[in-house]
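Enquirer: So you can see what is in the structure, the chains are spelled out below.
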Amino acid sequence: MSTVAPPRPDAAPQPPARPSLGRRVLDLWLRWWRRLTAMRTAIILLLLLALAAIPGSLLPQRSLSQNNVTQYFADHPALAPWLDRLYLFDVFSSPWFAAVYLLLFVSLIGCVVPRLVEHVRALRAAPPPAPRRLLRLPDSAELTTPLAGPAALDVVEEELRVQRFRVVRREPGAGPADSAGSSGMELSAEKGFWKETGNILFHLSLVALLLGLAGGKLWGYEGSILVTEGQGFCNSFQQYDTYSSGPLVEGADLTPLCVDLEDFRAEYEEDLTASSYTADITYGAPGEDGRSTTIGVNDPLRVDGDRVYVTGHGYSPRFTVALPDGRVFEGVSAPFLPADQATMASQGALKLPDLGAGTDDQLALEGFFAPTGVLQGGILTSIDPRPLSPQVAIIAYRGYLGLDSGLPQSVYSLDQSQVERGRLAEAGRANLAVGESLTLDDGTAITFDGYAQFAALQFSHDPGQVWVLVSAISLLLGLLALLLLRRERFFARVGPDPGSGGTVLTVGSLTRGGGESAARFAELTDRLRTALDARSTQPPAPSSVGAAPEPEAPPRDR
Amino acid sequence: MTVDQSLADLSDTLFSIAVALYSVAVVAFSAQLAFGRRPAARQLVGAGAGGGTGDGVAPVETPSTARWGLIGLGVTVLGALVHTGVLLTRGLAAGRLPWGNMYEFATAVVLVGVVAFLVLAVRTPAVRDIGAFVLAPVVLSLVAIGLFLYAEAGPLVAALRSSWLAVHVSTAIIGFGIFFVSGIASVLYLLRVRHDARGDDAGSSVLSRLPGAATLDRIAHRTAVFGFPIWTFAVIAGAIWAESAWGRFWGWDPKETWAFIAWVVYAGYLHARTTAGWRGRPSAWVNVIGLVVMVFNLLYVNMVSTGLHSYAGVS
Ligand code: HEM
Numbered sequence: 091m092s093t094v095a096p097p098r099p100d101a102a103p104q105p106p107a108r109p110s111l112g113r114r115v116l117d118l119w120l121r122w123w124r125r126l127t128a129m130r131t132a133i134i135l136l137l138l139l140a141l142a143a144i145p146g147s148l149l150p151q152r153s154l155s156q157n158n159v160t161q162y163f164a165d166h167p168a169l170a171p172w173l174d175r176l177y178l179f180d181v182f183s184s185p186w187f188a189a190v191y192l193l194l195f196v197s198l199i200g201c202v203v204p205r206l207v208e209h210v211r212a213l214r215a216a217p218p219p220a221p222r223r224l225l226r227l228p229d230s231a232e233l234t235t236p237l238a239g240p241a242a243l244d245v246v247e248e249e250l251r252v253q254r255f256r257v258v259r260r261e262p263g264a265g266p267a268d269s270a271g272s273s274g275m276e277l278s279a280e281k282g283f284w285k286e287t288g289n290i291l292f293h294l295s296l297v298a299l300l301l302g303l304a305g306g307k308l309w310g311y312e313g314s315i316l317v318t319e320g321q322g323f324c325n326s327f328q329q330y331d332t333y334s335s336g337p338l339v340e341g342a343d344l345t346p347l348c349v350d351l352e353d354f355r356a357e358y359e360e361d362l363t364a365s366s367y368t369a370d371i372t373y374g375a376p377g378e379d380g381r382s383t384t385i386g387v388n389d390p391l392r393v394d395g396d397r398v399y400v401t402g403h404g405y406s407p408r409f410t411v412a413l414p415d416g417r418v419f420e421g422v423s424a425p426f427l428p429a430d431q432a433t434m435a436s437q438g439a440l441k442l443p444d445l446g447a448g449t450d451d452q453l454a455l456e457g458f459f460a461p462t463g464v465l466q467g468g469i470l471t472s473i474d475p476r477p478l479s480p481q482v483a484i485i486a487y488r489g490y491l492g493l494d495s496g497l498p499q500s501v502y503s504l505d506q507s508q509v510e511r512g513r514l515a516e517a518g519r520a521n522l523a524v525g526e527s528l529t530l531d532d533g534t535a536i537t538f539d540g541y542a543q544f545a546a547l548q549f550s551h552d553p554g555q556v557w558v559l560v561s562a563i564s565l566l567l568g569l570l571a572l573l574l575l576r577r578e579r580f581f582a583r584v585g586p587d588p589g590s591g592g593t594v595l596t597v598g599s600l601t602r603g604g605g606e607s608a609a610r611f612a613e614l615t616d617r618l619r620t621a622l623d624a625r626s627t628q629p630p631a632p633s634s635v636g637a638a639p640e641p642e643a644p645p646r647d648r
Numbered sequence: 004m005t006v007d008q009s010l011a012d013l014s015d016t017l018f019s020i021a022v023a024l025y026s027v028a029v030v031a032f033s034a035q036l037a038f039g040r041r042p043a044a045r046q047l048v049g050a051g052a053g054g055g056t057g058d059g060v061a062p063v064e065t066p067s068t069a070r071w072g073l074i075g076l077g078v079t080v081l082g083a084l085v086h087t088g089v090l091l092t093r094g095l096a097a098g099r100l101p102w103g104n105m106y107e108f109a110t111a112v113v114l115v116g117v118v119a120f121l122v123l124a125v126r127t128p129a130v131r132d133i134g135a136f137v138l139a140p141v142v143l144s145l146v147a148i149g150l151f152l153y154a155e156a157g158p159l160v161a162a163l164r165s166s167w168l169a170v171h172v173s174t175a176i177i178g179f180g181i182f183f184v185s186g187i188a189s190v191l192y193l194l195r196v197r198h199d200a201r202g203d204d205a206g207s208s209v210l211s212r213l214p215g216a217a218t219l220d221r222i223a224h225r226t227a228v229f230g231f232p233i234w235t236f237a238v239i240a241g242a243i244w245a246e247s248a249w250g251r252f253w254g255w256d257p258k259e260t261w262a263f264i265a266w267v268v269y270a271g272y273l274h275a276r277t278t279a280g281w282r283g284r285p286s287a288w289v290n291v292i293g294l295v296v297m298v299f300n301l302l303y304v305n306m307v308s309t310g311l312h313s314y315a316g317v318s
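From first to last, the protein sequence lines are chains Z and L. Residues are numbered in this note's numbering as their position in the first sequence, beginning at 1, plus a constant of 90. Residues are numbered in this note's numbering as their position in the second sequence, beginning at 1, plus a constant of 3.
Bear in mind the hints are in silico, worked out from the structure with no lab data behind them. Be aware that a few hints might be false.
[To be verified] With beta-carbon atoms standing in for the labels, derived distance ranges:
#1 Leu150(L) to Val464(Z): 33 to 41 Å
#2 Ala608(Z) to Gly77(L): 28 to 36 Å
#3 Gly540(Z) to Thr87(L): 19 to 27 Å
#4 Val464(Z) to Val146(L): 34 to 42 Å
#5 Val556(Z) to Leu143(L): 39 to 47 Å
[Said to hold, decoys possible] If you want the footprint, here are the derived chain L segments under chain Z, 3+ residues with CB under 8 Å:
#6 89 to 102
#7 110 to 124
Note that beta-carbon positions come from the ideal geometry of N, C-alpha and C, so glycine has one too.
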């Protein structure tokens, strides 16, 4: 379509006196508003939006991986702080990205709302008068017929009504057909309002989609936690290993829900590609009897707009620690994080701060877990993700772990600075198969008992999600209507044919969308020609038959 | 599920045969161009002057050039059948849909491009004149895919085992394949416009035998109009799948980001094509950028960056 609006006056004509300040501000504002809502601006904003998204994929983003950002800072200590000042590690929540899309949406609303008003008005108005020079239209033709002018237009009108056009007839130069009911000498017809409806639906859906996204960001939250088989968690920020929440989320608003992991299974193909992960869970409000279900990849638990996902899994090696004083701690374990998904070779740490009497004889194990271990030159590696022959390689440390030093510590590794400062000292190391023990210098025996599996679970709450889905579907429907339907205007005018004394019928059409208009126009004119020929060989019908124009009839859409 | 090795080998053989057939088609289409007579140089079509009828003056067809065109078309159809066989045997060998890794995905995209071209060429004979320019990139792409993206037939990782694989990936493939043809048409349009502007009447140039600028522009636009809703659907389906597989429907993962960029660029193209000041060459450039973004999304995002979409299986 041509979206070139008729040239708008650039500014109001200058009155002789200097306009008031308010007037000038208004003019300036109007000018900027027009510029912003012009299609050219929209295109530039669209391309800018595309451009603005690029750094978000080339640089590490905090929203995706805080670790990668930290790594980037370590690798580029000079550059990174500058990039950070430009929000380049938070592109999609940066003010400049927001500026681009907000401007774009303002432009869009400014563009679409007038069109909506116009469209509603057009739905009720008669098709516009025929342009003066029909032969200038993209598709046009001249037909001659011995019929008189009005009779020829009757034929055209009948044909167009069959094809579900809205038709109106006018005297040339006059307004809409006069109510006297006389057959005018020209005719305008129109169909295809769904195209424009689709256009408006599409653009408004974009706005709805943005609102849904914003709602989800403001009121949504997400927490992740590693849960070992036989254990569970309840939905509260204190329990999560990591969580993120929208600015309008109150801790007290979280859905009361607890989930226990009963059993976890990972299945593999022969070539060791993981084929499925499933977790048997029970869930329910705190204190309630849980209901059981199974969740897995592509198959989360959904309850009342909240979802619980399995996002990963791993092994927690289990140990028994027997102290020289006779105390025995059974089943101590900690999740070891997979370092390699293909073999599930995992790393982790087990901190036992409360074994001894003081803070200086705390015990910790750091090590490596191989579900199917082999020793190669004394180094333990894993060759299979399945737990066929679990082994661990551990180093035991004794000393002060620094847990209460006030500095945050990862639960998955030891604080190496404590080792470097000599506050944690190695007390022994060994590679252990199930049932084997490492005895430390002071007689403490650490026995590798086996493993439990853990699942990485994620709890998500996004109140905007359904809204976004509905907007996306209506966006798609609008788009299909907009792109695949066509809007046609068809005009005809009659004049005397000086040669034969009959009538020249000039027809033209204007099509928006739908590809080749020429072929369809040719078909329509052929049909008109046939109809005209058929009519002119019959005795002339009275000019007020059946399909007489009803200019006052409510227009039909399509 | 074990992989049927003989079927997988057959698939690889068919791949080579398809490349060979397409190469023959390139030769035939080139012969059509080379032997075609220059079109009567009566047209210098303004950019985007769509809608008219007589703008796409094809080279004047002599029976022999038409024959070369038909041969090219026939061999391309044959190639497309064999190409379909590549994917079918792959899928049968691995017992799953044949688009589980980048090799299969890219191979399927090219097939859709070829089929889109064939549909256009059967319906609009003028399109046959660009056969060489479609099939040559097809051959180059396939060779590159075979050399750099090849992956053994194998089972799918767990996250891909979902019926959304069929929905999301096949629509992405179809959208991409159609944009492929659209982008080529825009490139040819740009070449043609430049050629016309120079008033280069020597006639030696192959460009003078291309369809008229307005025809090329219209092919580019119509294919993009067809591809855009499909791509939109693919992105939406991807988001729905991501919601159940990864715990959120949109997370600006690199693949998602580039799908978004491509979507916005194509929206920009569709707007530009109908906006004063952007019609013609500027909008064609936007379409070309769209295709570059799609290819970048396939190659860079799978091979260089890491994200949740890294199932590429390229070693
Ligand atoms: C988020 C930004 C936008 C997106 C993604 C978008 C997308 C689209 C798409 C895909 C089309 C179909 C193009 C076609 O008809 O072939 C379209 C049509 C249209 N858009 Fe937008 N649009 C956006 C913003 C705007 C803005 C800001 C304006 C006004 C300044 C606008 C005005 C129009 C008009 C008038 C049409 C109809 C064009 C026609 O019928 O050919 N759009 N839009």
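Enquirer: All hints, please: hold or fail.
Expert: Taking the hints in turn, this is what the structure says about them:
1. Leu150(L) to Val464(Z): 33 to 41 Å: For valine 464(Z) against leucine 150(L), whose Cβ atoms are near 35 Å apart, the range 33 to 41 Å holds.
2. Ala608(Z) to Gly77(L): 28 to 36 Å: Check passed, 29 Å falls within 28 to 36 Å.
3. Gly540(Z) to Thr87(L): 19 to 27 Å: violated, 51 Å
4. Val464(Z) to Val146(L): 34 to 42 Å: Holds, at about 41 Å.
5. Val556(Z) to Leu143(L): 39 to 47 Å: holds, 45 Å
6. 89 to 102: Three-residue rule not met by the region 89 to 102 of chain L, so violated; n is 0.
7. 110 to 124: n = 0 at 8 Å, threshold three: violated.
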